[in-house]
Amino acid sequence: MQSQLPFYPEQASNFAPSVDSLMTFLILVSVFFSAAITAAIVIFFFKFHRKSKNEIGVPIHGDMRLEISWIVFPAFLALAMFGWGAVVYVDYRHPPQDTLDLYVIGKQWMWKIQQPNGRREINEMHVPVGRDVKLVLASEDVIHDFFVPAFRVKMDVVPGHYNTMWFRPTKAGHYHFFCSQYCGTNHAVMGGWVTVMEPSDYAAWLSGSTGEDVNPVVAGEKLFAEKACSTCHLSNGTGRAPSLNGVYGGTVRLADGSTVTADDAYIRESILDPPAKIVAGYQPLMPAFQGQLTEEQIMSLTAYIKSLQSQPVPATGAGVTVPGKR
Amino acid sequence: MHRTGELSGQFQTLEQQKDSATLGMWIFLATEILFFGGLFLTYTINRHTYASMFAEASRTLDLKLGGFNTVVLIGSSLTMAMAVWSAQVGKKKLVTLFLILTLLLGCVFLGVKAIEYKQKFDENHVPGLNFQFEKNADQATNAHAQLFFSLYFGMTGLHALHMVIGAGLLVWLIKQSMAGRFTPQYNTPVENVGLYWHFVDIVWIYLFPLLYLIDRH
Amino acid sequence: MSATMSTTPPQSPGYQLPKEHYLNATYGIRSWLLTTDHKRIALLYLASVTFFFFVGGIFATMIRIHLLTPQGYLVTPETYNKLFTMHGVAMIFFFLIPSIPAVLGNFLIPLMIGAKDVAFPKLNLLSWYIYITGGCFVLYSFATGGLDTGWTFYTPLSSVYSNSAVTPAILGIFINGFSSILTGLNFVVTIHTMRAPGMTWFRLPLFVWAQYSTSIIFILGTPVIAITLLLAGLERMFHLGFFNPALGGDPILFQHLFWFYSHPAVYIMILPAMGVVSEIIPTFARKPIFGYTFIAASSIAIAVIGFFVWAHHMFLTGESTYAALAFSLLSYLVAIPSAVKVFNWTSTLYKGSISYDTPMLYALGFIGLFLIGGLTGLFLACLGLDIHIHDTYFVVAHFHYIMVGGAVMGYVGGLHFWWPKITGKIYPEFLARLAAVILFIGFNLTFFPQFILGYLGMPRRYHDYPPEFQVLNVMSTAGASILALGYLLPMLYLTWSMRYGKVAGPNPWPATGLEWRTPSPPPTENFEVTPVVNWEPYDYKNRPDLGLATPTAPTLAPAHGDD
Amino acid sequence: MSEHIVSPKLYLLIFLALMVLTGTTVYAATVDLNHYYRGLNVIVALVIAACKALLVVLFFMHAYYSSKRTQLIIVAGVFWLAIMLSLTLGDYASRSWDVH
Ligand code: HEA
Ligand code: HEA
Ligand code: CUA
Ligand SMILES: [Cu+2]
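Chains as they are written, first to last, in the working numbering: chain H, 2 to 327; chain D, -11 to 205; chain V, 1021 to 1583; chain F, 401 to 500.
Mixed in with the good hints there might be a few duds.
Unchecked claim - DMTMM-like, lysine to aspartate or glutamate: derived pairs with alpha carbons at most 25 angstroms apart:
#1 K108(H) with D257(H)
#2 K278(H) with E20(D)
#3 K113(H) with D1484(V)
#4 K54(H) with D1559(V)
#5 K1142(V) with E122(D)
#6 K52(D) with D432(F)
#7 K52(H) with D1484(V)
#8 K48(H) with D1484(V)
#9 K108(H) with D1559(V)
#10 K1142(V) with E20(D)
#11 K81(D) with E104(D)
Said to hold, decoys possible - Cβ-Cβ distance ranges computed for the label pairs, FRET-style:
#12 S259(H) with R47(D): 21 to 29 angstroms
#13 L412(F) with T1046(V): 40 to 48 angstroms
#14 K81(D) with L1053(V): 39 to 47 angstroms
#15 V73(H) with T48(D): 56 to 64 angstroms
Claimed, not checked - One side of the interface only, derived from the structure: several residues of chain F facing chain D at Cβ under 8 angstroms:
#16 A417
#17 D432
#18 K452
#19 V456
#20 L458
#21 L481
#22 L489
#23 G490
#24 Y492
Please keep in mind that the hints were generated in silico from the structure rather than gathered at the bench. Predicted model, so just to flag it, every value in this text is computed and none were measured. C-beta atoms are modelled at their ideal positions from N, C-alpha and C, and glycine is treated no differently.
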């Protein structure tokens, strides 16, 4: 996207102004030091140019006050840079509550994006303007990186665990996103476009979803039966495994006495590597599913488990069964 | 470490030459700490992530053989130290004797290690070669157990490689010692190989509990 | 302390080369390939690192030509990826890391401290052979399938997914590591035990301090990259899982291990160049360096603190926020000693007697370009800003400013400065100044536009980019062709001068170091008699032997107590 | 470098101490100490190993009698290892503090 200002890409998210003013501050400091030192060199050049062949300079060995001041003064500036940068970064690493969650899966060399209602996109991402958007990032193979210059945000997409990033689009439009971590042959073309829409347009676009998209909750429910999760995880909690109703987002007590928050990463780990965190009061019976589920399937299962929040517990205690399973 | 104990050209005095050799050896050992350090870091992170799997896998190792080897290796450190002492006090025969003893103990260690490796091979516990942890272990269990055994072979293998190099150095020392080269004035090679040998011992002192002794209860 | 020194003949034009020196002491290929003379080993390194600079430079040229147009017409994506990887590997591991230490360091450290050779001459030769062996492995990888992992070898791309010749390359770098370790070990021992009488620690030339600090990193950092690459190599060969998440491993762990070495390694590249600059500036300003102790101590500080900052390359990998905060703060801490150096160099010019011989041009160019490179390092270390500029061309510009504008300029400047000592001949001054200016201009044109490209959002390692970035890319390529010409010139006239240059004499500048108190080129054993040092470093005032005017009458005043 | 000659008796003593410690570490591993404090088993194993290593360095390798310079090198090696381990593990440990 060509910008109006030649040295800045377009500003289209809440982070863009903060990053740009940080940039301005650092440029000012840099210009100050570069100018001061260049000026000193040039002035000394003319003033102290060797006049005769055998001339020597005035022996000056040093000056303690100068040394201290040029240690302390830059140190203060450095602290300022660090502090300001830290504020922006900490904000970036801590998504606010109540975000619009999109799932992003990177694989050589394309991006798969899933909207909360299950609508899927490839190398395209639609988001509403003014809403806090959180991306949950997963990779099927190597490390990728989701980068939107106009939003001034990027985050590595690391196989084996979830990273999250967030932003709030501030301006409707069409913006480039790139893969910014080298990932093999077609790394350079592993990009696409983010479309920022007015909320009403976005809602319309979402509902215009074609029937082919499988709702992840439905897909997850199906998998839950197929992978026989449902044989242990009875929804009334009478089975060998804890009921998953209302687990997501809550706090789980573990066998070793510690507690964790049941977020995406925890659910993922519980599925792939159950012995890592054992729920208090249960045996480590659950088989590890590592290597048997794709990132997409894990996300569907997670979406399903997440949806169990609101579902009433079936009165029969028969657990969640889906008619027509294999 | 100069072959004959004469002064080599770049030095002014024998004192300086010896000083340099010792300093060089210690610096080399410092690099070795960091070299093994990378492995220990990898080990720590994986053991933390897969704690129960590591414990389970560790229990398949032969504690008796491992313990025996620990005793053997520490014993060889003792004989090595004695060899240095003999050289320092000028007992030329004893130097040779203790060096040979050290070499023998080193070989015993390597022999036992070979037996253990053979067992692993028979149990399909060698990563990269049809690794199968237990009969019906699922994919994830296999992968995590394989991590343990990769580290086991990586760490003990590198350690064994150091032992082999040490054994080579010992052979070289023994030859010189038999020619009566080492005297109270000139024994830097014995001392320096000694330092190396003790270092290799220390590595094992850490490997033994980390690999063989995870939650043996 | 009286300055009674009688080794150097008085300055007069019409020097003759000494009859016998290290170059003509013995003849024949064997006398070179089996030499244990540190000066000859330095020349062996000179030839081999120059070769790798060519190799890397040719890849760089192809990169720049390919990037002339958005779609790129020169090579396929696979090939492009191999180009920048092989460029990075050749330049970093086989050119820049060994360049100043193994060439100038090897040649000069014994001369500067008044020793006959390094402490372990055979080990020194062995280092070179190890380097060559490692180099052969890497060249083998380049020739048979190339290497397309990026110089950073991130897993699981390098250990599982790449189809190129990764294993031999990893082995080559692994082997090469031992060359670095042995060189570092040799230097530290030499500096500790081989100093001439009177050469106290605080009389050491700053170049030696810089080499000492570099050696600390060689010794304590290199083993970690060795083991890391070994693990990655084993993972690739035997399908193990240390860093492969599909098998339970952790790719971030690889990055920690990699950068634990590779960040300190950037100081391996810059510290020696800083040492060179610290020699050149007092010589051409003809006065003691400003704040000797601070410059010496800052080298050590950089070497040590440099080990605490590595994860600033990993701010966006998902490392913990707390770790990111700590590593960012520490990165700012390591900038302070660099700042101290810059300020002290500049102050040294004050009230100097400044001449602008070629080495001085390079030194001043170094200050300017290193400054920009270093300051933009602060942008990258700034957490909030790195979110945007990480892995863009901003990073590429940052490190070329420091490594090409800084380290390579320092190396080329140092080569000019000590060329008379190495060969006994003087290079053509006019051509040399011209080349320095061309390099300066070409360099800035090549890499300044890349800062802007980066901020506009062009990711690095792209063979194909959106068309709006084209103008700046064309500028960069234009600059690169000037740069290539700039490098061609010194290669030609330096080679030419070896035969046809004017005879230099023992101390053409004149400079104060011990290395200038022996004939040029020096005899094999360096000094006819072991020198005794009884003057302070860079002390022009109390050195009547240099034949320069002194502000006061040339009495043999005490060496210190002047201010 | 003044050379210090350590008596064989001391060597033997150190060797015996090492044997005792080896026995202790094996025994300690068979007792469930984690029960008292999470990870106590590993901590005990590592403390014992550190003691053994210290004995070897100080006496078999004569570091106890060596120059300050030699001791500094040892400390540096261990210190750098500590940098690597602590900062890396610090990253891993503090990731879970980021609960939001
Ligand atoms: C010789 C090589 C060299 C050197 C010396 C440096 C020096 C520095 N580098 Fe750089 N760097 C690289 C080579 C080098 N770097 C390379 C190769 C990469 C990319 C690797 C890859 O991914 O391929 C990289 C990447 C890199 C990153 C990661 C970027 C990213 O991927 O997102 C960061 C982040 O913090 C960084 C920071 C710094 C800092 C703070 C310094 C500091 O040491 C700079 C200190 C100097 C100064 C600051 C100038 C002088 C100071 C003054 C005049 C006073 C003013 C000072 C203050 C106000 C504090 N560098
Ligand atoms: C010491 C280190 C060093 C040096 C000296 C250089 C030198 C140069 N580099 Fe750099 N470069 C790196 C280290 C270095 N580089 C690293 C580590 C990377 C990252 C790799 C990665 O991402 O994995 C990189 C990446 C890199 C890129 C980014 C690629 C990408 O991300 O897609 C580019 C693009 O412009 C580039 C250009 C150049 C140029 C034009 C030079 C010029 O300065 C070179 C000039 C030299 C010559 C041209 C040879 C000598 C001249 C002659 C023999 C004259 C005759 C020749 C001709 C007429 C052609 N380099
Ligand atoms: Cu995906 Cu780069
Ligand atoms: Cu760095």
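Do the hints match the structure? See the list:
1. Taking the CA atoms of K108(H) and D257(H), the gap is near 36 angstroms; set against the 25 angstroms cutoff, the hint is violated.
2. In summary, the hint linking K278(H) to E20(D) is not supported, as the alpha carbons are separated by about 36 angstroms, beyond the 25 angstroms threshold.
3. A hinted pair counts as satisfied when its Cα atoms are at most 25 angstroms apart, and K113(H) with D1484(V) qualifies at roughly 21 angstroms.
4. Between K54(H) and D1559(V) the alpha-carbon distance is near 18 angstroms, which keeps this suggested pair within the 25 angstroms criterion.
5. Of the supplied pair hints, the one linking K1142(V) and E122(D) is violated, its CA atoms being roughly 52 angstroms apart against a limit of 25 angstroms.
6. At roughly 20 angstroms between alpha-carbon atoms, K52(D) and D432(F) fall within 25 angstroms of each other, so this suggested pair holds.
7. For the hint pairing K52(H) with D1484(V), the CA-to-CA distance comes to about 55 angstroms; that exceeds 25 angstroms, so the pair is violated.
8. Restraint check: the Cα-Cα separation between K48(H) and D1484(V) comes to about 50 angstroms, which exceeds 25 angstroms; the hinted pair is violated.
9. Under the criterion of a C-alpha separation no larger than 25 angstroms, the hint pairing K108(H) with D1559(V) is inconsistent with the structure, at around 63 angstroms.
10. The straight-line distance between the Cα atoms of K1142(V) and E20(D) is roughly 21 angstroms, inside the 25 angstroms bound, and the hint therefore holds.
11. Note on K81(D) and E104(D): the hinted pairing is violated, with a Cα-Cα distance of about 35 angstroms set against a maximum of 25 angstroms.
12. A beta carbon spacing of about 25 angstroms between S259(H) and R47(D) agrees with the range 21 to 29 angstroms that was offered as a hint.
13. Under the hint 40 to 48 angstroms, the C-beta atoms of L412(F) and T1046(V), about 54 angstroms apart, miss the expected range.
14. Look at K81(D) against L1053(V): about 42 angstroms separates their beta carbons, and that is inside 39 to 47 angstroms.
15. Between V73(H) and T48(D) the beta carbon distance is about 60 angstroms. The supplied range of 56 to 64 angstroms therefore holds.
16. Because the closest C-beta pair between A417(F) and chain D is about 10 angstroms apart, greater than 8 angstroms, the hint is violated.
17. Below 8 angstroms, beta-carbon pairs count as interface contacts, and D432(F) has one with chain D at about 4 angstroms; its hint therefore holds.
18. Restraint check, K452(F) versus chain D: the minimum CB separation of about 5 angstroms is within 8 angstroms; hint holds.
19. Taken as an interface hint, V456(F) checks out: its beta carbon lies about 5 angstroms from the nearest beta carbon of chain D, inside 8 angstroms.
20. Hint on L458(F) is violated. Least Cβ distance to chain D is approximately 11 angstroms, over the 8 angstroms limit.
21. A hinted interface residue such as L481(F) counts as satisfied when its beta carbon comes closer than 8 angstroms to some beta carbon of chain D; here the least separation is about 4 angstroms, so the hint holds.
22. Checking L489(F) against chain D by beta carbon gives a least distance of about 7 angstroms; that is within 8 angstroms, so the hint holds.
23. The beta carbon of G490(F) is not positioned within 8 angstroms of any beta carbon in chain D (closest approach about 12 angstroms), and the interface hint is therefore violated.
24. At a threshold of 8 angstroms, the smallest CB-CB gap from Y492(F) to chain D is about 6 angstroms, leaving the interface hint in force.
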